[in-house]
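*Asks:* Chains as they are written, first to last, in the working numbering: chain A, 1 to 760; chain B, 761 to 933; chain C, 934 to 1216.
Hint data in this document are derived by calculation from the structure and do not stem from the laboratory.
These figures come from a predicted structure and were not determined experimentally.
By construction, the Cβ of each residue, glycine as well, lies at the ideal position given by its N, Cα and C atoms.
Just so you know, nobody snuck in bad clues.
Okay, the calculated beta carbon distance ranges per label pair: (1) A:D422 - C:T941: 52 to 58 Å; (2) B:H780 - C:A997: 39 to 45 Å; (3) C:H972 - A:A758: 34 to 40 Å; (4) C:G971 - A:V58: 23 to 29 Å.
So the chains spell out like this:
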Amino acid sequence: MSITAGERTRFGRLGDSITRPDGGAKVQGTFAFSSDLGADNALWGATLRSPHPYARIVSIDVSPAYRISGVEAIITAEDVPGELTYGLISQDQPVFASEFVRFVGEPIAAVAADHPETCRRALEAIIVVYEVLEPLTDPERAIDGSHPPIHPDGNVIRHQRIVCGDVDATGAVVVEGNYEIGMQDQAFLGLEAALATPDPGGAGIDLHVATQWLHEDQKQIAACLGLPVDSIRLTLGGVGGAFGAREDISLQVHTCLLALRTGRPVRIHYSRAESFLGHVHRHPARIWMRHHATADGRIVKVEARMVFDGGAYASTSSAVLINGITHTQGPYKCANAIVDGYAVRTNNLPCGAMRGFGVVQACFAHESQMDKLAVACGIDPIELRLLNAMEIGDKLITGQIIENVAPVARCIRETAALPLPDEPVGGHDGNVMRLPGGAGRTADSGHIRRGIGFAVSIKNLMYSEGFDDYSTARCRLADGIATLKFATSEVGQGFVTIAGQIARSVLGVDDVVLDPIDTGVGSAGSTSASRQTWMSGGAVNAACHKVRGLMFDAVASSHGLDASDLSIEGADIVDSVGVFRISVAEATAGLAFDETVEYRHTPTEDLDENGQGNCHTAFAFVAHRAVVDVDPELGLVKVIQIATAQDVGRALNPLSVRGQIEGGIAQGLGLAVMEEIIMTNGRVRNASFTDYLLPTFLDMPDVVISLIEEPDPIAPLGAKGVGEPPTISSTPAIVAAIRDAIGRPIDRVPVRPTDIVALV
Amino acid sequence: MSDQLAAATVVGLDEHYRLHVNGTDHDVRDAWVGESLLYVLRERLGLTGSKGACEQGECGSCSVLVDGELVCSCLVMAASAIGQPILTIEGIAPVGSPSDVQQAFVDAGAVQCGFCTPGLIMATHNLLERSPDPDVVEIREELSGNVCRCTGYGRIIDAVQRVSIARRAEAAE
Amino acid sequence: MPVLVPTTLDEAVSALAAAPDALVLAGGTDAMVEVNMGHRRPNVVLAVSRVSELRSWTVDPIGATVRIGAAVTYAELMSSPLAEMLPALAEAARTVGSPQIRHAGTLGGNLGTCSPAGDGLPVLSALDAVVHVASTRGERSMSVHDFMVGVKRTALEPGELITAVTVPMLSGWQGYSKVGVRNAMVIALATACIAVDMPSSSIRLAIGSVAPTILRCAEAESFAIGAVDFSTMSATVDTVRRFGELAAAASRPIDDHRSRAVYRRHAIGVLSSRLLRRAFPNE
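Could you build all of it, start to finish, from the sequences and the hints given here?
*Replies:* The following block contains the structure:
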């Protein structure tokens, strides 16, 4: 008789669709988001922000605000004890503006008071005299030098070229276009919030904050406070979504400064309007792109010029630029390329990380180009993409060889094979909610045209360009219970779920305890770049394997076995011949193992002056097909269905993967048809959820999904990050479907009714 | 204060008022009367399950029932809700014993960051009480005041349908 | 800084007389936004949603009108039996905000805010509704056209409270259309309401979001009345097109961050043509 592994395998291992460990608390309202945290005697903090995109500060008079009862502290740049500026890549952004303000919303002062309303009145009472200056809002003027520098570091944040292969190569078919991508907001629902509690005497501070990267915050806060890094202790406050917007510092330093100044706990909560000004956004971009191809549709060369508007401060603009230009070719073979890319400084809102990180912009351009190329060559757009589909071993325009699993053709074929919606325009029941315009009853079925569009993308995973990218995890195993410690920000993506699955699979335990997420262990890096499953998953996996090794050693020595013969089967330790079996709980009774591991991916390199180098470490691929119904006369759109086949490597938790895919597509849909921060001469026109529109239940369609599981041998668990790809090519697929419905070109996103109707 | 003013129920800044939340009377003291019900629930009564994300009724995260009606608590002036029964997420089910809707949200994968979740739980309970067997389009319309930024809504719709089906099966037994 | 919660109309108007600058709060869906943002800091708040006279509606079968209390909510307007009596108002109510907003927001609040994008207002305009107001000085009534003075400006005088709206029940097709760039929870870029009254052979067209207040399109109305065939409920393709052109010409839209004037004018034309076709389905 043999015992098969499956019989004893417990639910909750890798590959199982188990539910979130924090799900119960979240549905009952007891999960503590950072905005839910309070403390005895706590004060409220609030931030005074610039009303001007560019101005010289002549004077700041805070004294009237001190006369308001309940105001406890007011701080400005003069009160910053350490570094006066901060930033993720270059430290170019002031904690508080003192000489110049460079964007609408730039912090100038902060107050602490007994009530949010007292704070509001105090902010209104502060008198700032400005000498208003002409703002730089056109990115081209940052490049051509026609506007004086608005910052000591100059108006060009980074310029990078890619020159690859035969730059004079040409093809029988040439297509080109100018594309524009609007500024998208991450629009997480859980607004920025923090609680800072100072140590008696002010030697240190505890900060609970919703962030993507605790240790980077810690480093930047410590520098600005002029305190040792260890004295700044960060704990992750429950995070209500992030999507890139919490990678940069926002309220962290201000909250700590107010707490240290008053000696009391201080809470700062941003309002929605303030949040639009208080965090970085997706870069608006203008892209010119030209493709040369053979008459039968094979890509010969791509040329592009990309301009990313970084806004007033650098944030991650230089890395976003590199992502954009290195993804110019898309998931297609291309031997020759000339790309010129700029990330520039303007007096617009600062831009930085958002899901897709530069690749969203590039993909909208290259996929629009693929459709143009298909038309020019007389080839079906799907066939054209298959013809050029990248494969493992192909060389990118940076000279880097694709070493990971690259099932591009399979993504395309499986997406194309997914079923189309079976409902006709308007459905069968006459419910107006099925038509573009919905309850507005703007159209009848006869006014509507249906269109289908297709798009494919490639996305780099993890950090690039030589960054020392690592994650740390600690695993303790005692009495059959595994305890995991990591500083990985759980922002909703579900790392806490798969961390437990990893430990159960590796160690054969059922009970996994997750320690608080804080700076009490080494850095996990940021929850961004689709990297945590790979990086922190890799770290947890490695720590658990080390502990398992110690456990096997102990079991082997106490039972006279060879540790190399032992393995985990379900909840038991067994030997290779099936004679020995002991439960992990029994084997570890009275024992304790404790290991901490730093996991690193393969090192990457900087790009040289021609944009050559192994700057990325791994890639994921996805295809999207969109079906849309369009009212061409009114320019209204309803997306009817998205189909997608995504290269996930291995789905560690299929339910969770599905959630990432559907959620990512919703953000891609938002960029396609409604989401844009509208700025006029440096001023934001729509900083509210009334006017910055997010997709609702009635805007987001059903999603048909095929998971392509080809475990990647490079990935520690075979799994690729799945968060970003859904956001990237869903946008151009929807736009392609709109073009298909109306038969006219559209070269910018979001697509507005006026772009569809084409009014004079 | 004039006689005319005295004729109406008056809540003044220096007085306290009382809210009836989840079956219990709660005293609210020393409050600024401009405070929304959301603020009072969260900051004065310690009921932080209702979430604020827009302050203007455009996201549904703060949904509660006032006098049986699903409303945005950010748009209710707290002092104007005196004497009316208020039901919040904390009043849906005891901690550790989730309602069928709450459990379905967990099981269906309808929760990611979870910030919109309490508001959606309130809206879903309200929907299924009024319309026990909604089709997908009705679910979408009835929940369209609750914005979720993480899930793309697919798993939430699945959760609502699971409850609807389970309740029907239970009723048939 | 008190909050007053009257339960009778007498209490409400007395309180308002004593504090004419009070913030009148009905559903709160507009007023509380202003308070939350710190844009309004009222000294006195008058919450009228529990005034029984404002919460009710009555039908006058002889006069063929419905008198709707100012605190009747959109949710009530879009439900039976009001929805059957005033179908265009029900359609408009369904487009307001979200279910949560429709449970709280009121027709009186829509009038009191008097936004050009107010969803109920084109319907009240097309139906020639009458607005009733009350104060300690007494009651008065006026046409909704006279009530709406400008962008967020009304004919209300200090101390006056909107009490009700009398809306005629016409005999004929009526419908409402609203353009927004999202399929739910959206502010109108353009709205239109057509109401046909068969006994008087009249066609009314009101448009919103394209002028400081709601506009009636007199030229389009008289053109349509002369051009359609009421006996066969038919309108030619040219009539439908021309009707839209006249409606568009009547609009006076502006450019703002939500859209462009040229689009709003175009949309008014499309909506008006389509509405006329729904009213007169035969070619």
